[in-house]
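S.K.: These protein sequence lines map, in sequence, to chains B and W.
In terms of the working numbering, the first sequence is numbered consecutively and its last residue is 509.
In terms of the working numbering, the second sequence is numbered consecutively and its last residue is 177.
Since the hints were made in silico from the structure, they are not lab data.
All clues stand as given, with none of them false.
If you want the footprint, here are the derived chain W segments under chain B, 3+ residues with CB under 8 Å: (1) 15 to 24; (2) 96 to 108; (3) 158 to 165.
Heads up, the beta-carbon is just placed ideally off N, CA and C, and yes, glycines get one too.
So the chains spell out like this:
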Amino acid sequence: MKKPLALTIVSTIAIVALILLALSLNKNKAEQKAMNAVAINSVANIKEFESRSAEWGKYYPRQYNSYMQTKKSDKIDDLLKKDPALVIMWAGYGFAKDYNAPRGHHYILEDNINTLRTGGPTDDKTGPMPTPCWTCKSPDVPRYMNENSELDYFTGKWARLGNEISNPIGCADCHNNETMELTLTRPYLIRAMDNEGSLPFADATHQDKRSLVCAQCHSEYYFKKTDWTDKSGNKKIANVVTFPWDNGFTVEDMEKYYDDINFTDWTHKISKAPMLKAQHPGYEIYITGAHGLNNVACADCHMPYVREGGVKYSSHNVGSPLDNMGNACMTCHRGTEQELRDTVARKLERKTELNSTATDVIGKAHLEAGKAWELGATKDEMQGILQDIRHAQWRWDYSIASHGSFFHAPEETLRILGSAINKGQEARLKIRIILAKYNAADYVAPDFSTKEKAQKIMGLPYQKLVDEKMHFQNNLRKEWIEKQKQKGLYDPKAWEGMEFKASYSE
Amino acid sequence: METDNIMKYIAIGSVIIVVGLFTYVVNAANMVSYLSEDPKVCINCHVMTSHYATWQHSSHRESATCVECHLPQDSFSNKMIAKSMDGAKDFMAMTFGTYDNSIRITDSMAKRIQANCISCHHELVSQMVENTKSYQKNGDGSQVDRNCWDCHRKTPHGSTRSLSATPNNIGVKEKL
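In isolation and in its complexed conformation, chain B is listed as follows (with noise of 0.2 Å):
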């Protein structure tokens, strides 16, 4: 009576749980079935130079996917309101207009065609940067290159290829259409490894390589004047991209590259000091460190490998290692994230502290040196604290430009930092000998502690500035994007759900 009941409720549960069981097991096997079967439709058939990422991406789906997460990383973060000081520190440069922390790779067009720094062009002829601004944001730059020829590619004005340049960064910027290898499409990196000599590119191997495209664009670099003549005879100026690797990687070796050389980036409006800017020496800095040193590439911690299933692939969401340790660093580090992630934070404030004084001292340096000239300074008198400017600015910028660095090679970076606040305060040490004899010794440096007040203070007419950049938007841009679309370069997926976001929309 009560056995047969209390053995068949006792079975129940046994059998339901074993169903669940069974069925788990099942979903599991089919999802392991699923992923080896590995869905690759066919041969990839993509065409050469092919600049739209969507048609590489029907072959790749895993690797596209991961590559439009970059969509994520989408918030403007002023970088000249965070630092005031860098708008006195830029004065009569670009760079004092608009400064933004970069965001993902789906925005670097976007953001590359809205920051101030562009200006708003009118026709091809205008605007205040040349064509090879759009060198590092864009597959159709090797696309145009061999269509066309490098030299005049990288003559003109940005305005003048607005029509030819419509896709951000993709896969065709570092991939073989054919075989997928990693593949170098930028030439300039090709001549500067070799200049350099310790690693000509003939010798770079895979591991090498999975460095090697970014350095594509991560790195120092300035524009060349270069003469040439066209097919038809006509004498034109190329600005050719050029890496200052000439003498080696270091922050001094390139500082002397530019000296023997007298270049200059501009003249500093305030302290008419000969400038140089230095962009982003993301690889040059990165080989120095402990990372750099170990064989690690840039692809290893910030392209990790993920797997799904039984199918790994690197994961094409470039961004912070951060956001995604348990693939980018617990592969190879013991110890918990926690660990590594406070490690990584005490690094930072290392760098936030020196980079601090550094604006700061730099940017007094400036205002100072203007005052000096304001009371009738000769050229003799500040030729030394020029130069000293320069240096401490070349260097200050070399080791925060790339935003890496204090983590890539901290004591590098550091060391540059400390040099950087040295070479600032020699200069205002001499300057206040300046000022002295000209009784101005208790001279104070005006507050620039707001991106108003140091705007004001070079004078810089931000409102018009935003006027003719919007002008440009709302009427030559349109323009672009229809010839584009004539053309066949127009690739909607890169553009689909993209918000307009500036420093300077609300």
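Chain W: place on chain B using the hints.
M.R.: Frame of chain B, contents of chain W only:
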């Protein structure tokens, strides 16, 4: 009574169903394989393939299998108790997917492995163990407390152990 008979049949029927389902699950989950000590059994779970692959490429390949380090070797009952506890824990982790990308051993497992290191390498390290006892006390990070792999870090699972970053890893199970 009639219902008694029906109940009896239902009871017997349900037991048969349980036995049937149980056999099916035993088959689907390769349960019988877990009675053996073959390392290939450990890679029934794909998450372990990187540990298998790194062991296969290490100095311990010919000398120690998985259970020889990871299960107590001092007595049969200790081994069986440890095996059952581990099995239950792994079963829960697998079925409910609660494990992480980078798997770390627990403190109790670390004690077991340390004991096994010493037991195999006894001649080499016994003097070392005796000497440290003369100069240092247990507790709070003294050398007596250190595990062998705090220095011998790559033994035997290498320095890169995640499922997606370890070389020679994908397809290990399929190839065997």
